[in-house]
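Chain B: place on chain A using the hints.
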Amino acid sequence: MAQDNVLLLDFWPSSYGMRVKIALAEKGITYECKQEDLDAKSSLLLENNPVHKMIPVLVHNGKPICESLNIVQYIDEVWNHKLHLLPTDPYQRSQARFWGDYIDKHIYSIGKKVWTGKGKSKKEFIECLKTLEGELGNKPYFGGEGFGYVDLALVPFTSWFYTYETLGNLNLEAECPKLAAWARRCMARESVAKALPHPHKIYDFALQYKQKHGLE
Amino acid sequence: MAEQKKVILHGMWASPYVKRVELALKLKGIPYEYVEEDLSNKSDLLLEYNPVYKKVPVLVHDGKPISESNLIIEYIDETWKHGPQLLPQDPYKRAQLRFWVKFLQEPFETILVIIKTEGQAQEQAIKELHEKLALLENGMKEFFPNGNPCVDDNNVGLLEIACVVFFGAFKVHEEFIGIKLIDPEKFPLLFSWLLSITELQAVKELAPPHQKVVDLLHFIRQKALKSTAA
Numbered sequence: 004m005a006q007d008n009v010l011l012l013d014f015w016p017s018s019y020g021m022r023v024k025i026a027l028a029e030k031g032i033t034y035e036c037k038q039e040d041l042d043a044k045s046s047l048l049l050e051n052n053p054v055h056k057m058i059p060v061l062v063h064n065g066k067p068i069c070e071s072l073n074i075v076q077y078i079d080e081v082w083n084h085k086l087h088l089l090p091t092d093p094y095q096r097s098q099a100r101f102w103g104d105y106i107d108k109h110i111y112s113i114g115k116k117v118w119t120g121k122g123k124s125k126k127e128f129i130e131c132l133k134t135l136e137g138e139l140g141n142k143p144y145f146g147g148e149g150f151g152y153v154d155l156a157l158v159p160f161t162s163w164f165y166t167y168e169t170l171g172n173l174n175l176e177a178e179c180p181k182l183a184a185w186a187r188r189c190m191a192r193e194s195v196a197k198a199l200p201h202p203h204k205i206y207d208f209a210l211q212y213k214q215k216h217g218l219e
Numbered sequence: 016m017a018e019q020k021k022v023i024l025h026g027m028w029a030s031p032y033v034k035r036v037e038l039a040l041k042l043k044g045i046p047y048e049y050v051e052e053d054l055s056n057k058s059d060l061l062l063e064y065n066p067v068y069k070k071v072p073v074l075v076h077d078g079k080p081i082s083e084s085n086l087i088i089e090y091i092d093e094t095w096k097h098g099p100q101l102l103p104q105d106p107y108k109r110a111q112l113r114f115w116v117k118f119l120q121e122p123f124e125t126i127l128v129i130i131k132t133e134g135q136a137q138e139q140a141i142k143e144l145h146e147k148l149a150l151l152e153n154g155m156k157e158f159f160p161n162g163n164p165c166v167d168d169n170n171v172g173l174l175e176i177a178c179v180v181f182f183g184a185f186k187v188h189e190e191f192i193g194i195k196l197i198d199p200e201k202f203p204l205l206f207s208w209l210l211s212i213t214e215l216q217a218v219k220e221l222a223p224p225h226q227k228v229v230d231l232l233h234f235i236r237q238k239a240l241k242s243t244a245a
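Residue numbers (this note's numbering), protein chains in the order written: chain A, 4 to 219; chain B, 16 to 245.
Just chain A, same shape as in the assembly (with noise of 0.2 Å):
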């Protein structure tokens, strides 16, 4: 593995951006990380995505795997050295793929109708974490005692959180105070502290987006 080239095309408010970089940061990988406008797309981006020519995008060795949750599977399967982020039996595998798919079906898209305004979907959203919160239990973690899967791929969007609570009037912690609280036990963990920009960044960003597409 000494000979690895791998590189991230990323863009740095993506929560599935942060995905890969904390399954990066978790398995010791030294990477390139290469930011990307996506206004004006780089052609390394369009070559490597020319399906759907979106981010994340990781080439290792000059070979591009696309798509958060596959890139994450990937990495877990190739750097099988260190602790694995999915779990070894298959039937606790399928179920952490179940939720890592639910969370990319549900999160992101109704999360920006939240901060972006469009529509009415607090009260979609909200269900949609108690849900989450209900698979956590009491747990520290998706997966139990340790970090995995289904923590990498929901904890990205906590990055968000104070975005949806402050445009989307919100309170989080009080509607889902184990997730609040399972949030903050992640970000103990040097992998996610680094790979998670400063919520406030993340509302600047969101406010600039919404003043140059008219979502005042």
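Quick list of in silico lysine to aspartate or glutamate cross-link-like pairs, EDC-like style, CA-CA up to 20 Å:
#1 69/B / 52/B
#2 69/B / 107/A
#3 37/A / 7/A
#4 108/B / 50/A
Since the hints were derived computationally from the structure, they do not count as laboratory data.
Because the structure is a prediction, the values reported are computed rather than measured.
Positioned in the frame of chain A, the structure of chain B alone reads:
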């Protein structure tokens, strides 16, 4: 061992997602009990096994439920080691496969739009379908670099399964709408790959009867056109 414990599949005959799981079970030679669900009157068991989405398919293995067709098939492949390997061992190839399986959703949904619309909306959808099929045709070149996609019972995998449940009946769709959807001249690789998959014994055995498919297409189209006209 884990493989001998009871396997039950909750499904609905018209669902391509259920068909995926049935194909995987059949190709692997896994005996299972099938429960046909009435989606307008879902069983208590289904609601218990899939409280989040309340949908089929749900696979129950030794009393433990798994939902979401792709995830069920990955579970099947990891648990039963006999029969064809549905996902490749190599992590890069697995990542590519997972990517394309997810992508197949897009041209499938576009075909549904074509079935449900007419006039300009339908024309727009046909244009979109060609764009997506072109991307797929290009992607398939990596899987079949020698340009000869020959599928048999040993090399069939999740991508073939996902493809055939969506597009296996494409000739019926073409006849119904009166438009060529998968033109062999524009998409030669896709066309020959798809035909190869439809020739598999398990696929033939699980294909719903022609008339049932035609009746379903009529139903979907009438319902959609009525609701847009209202």
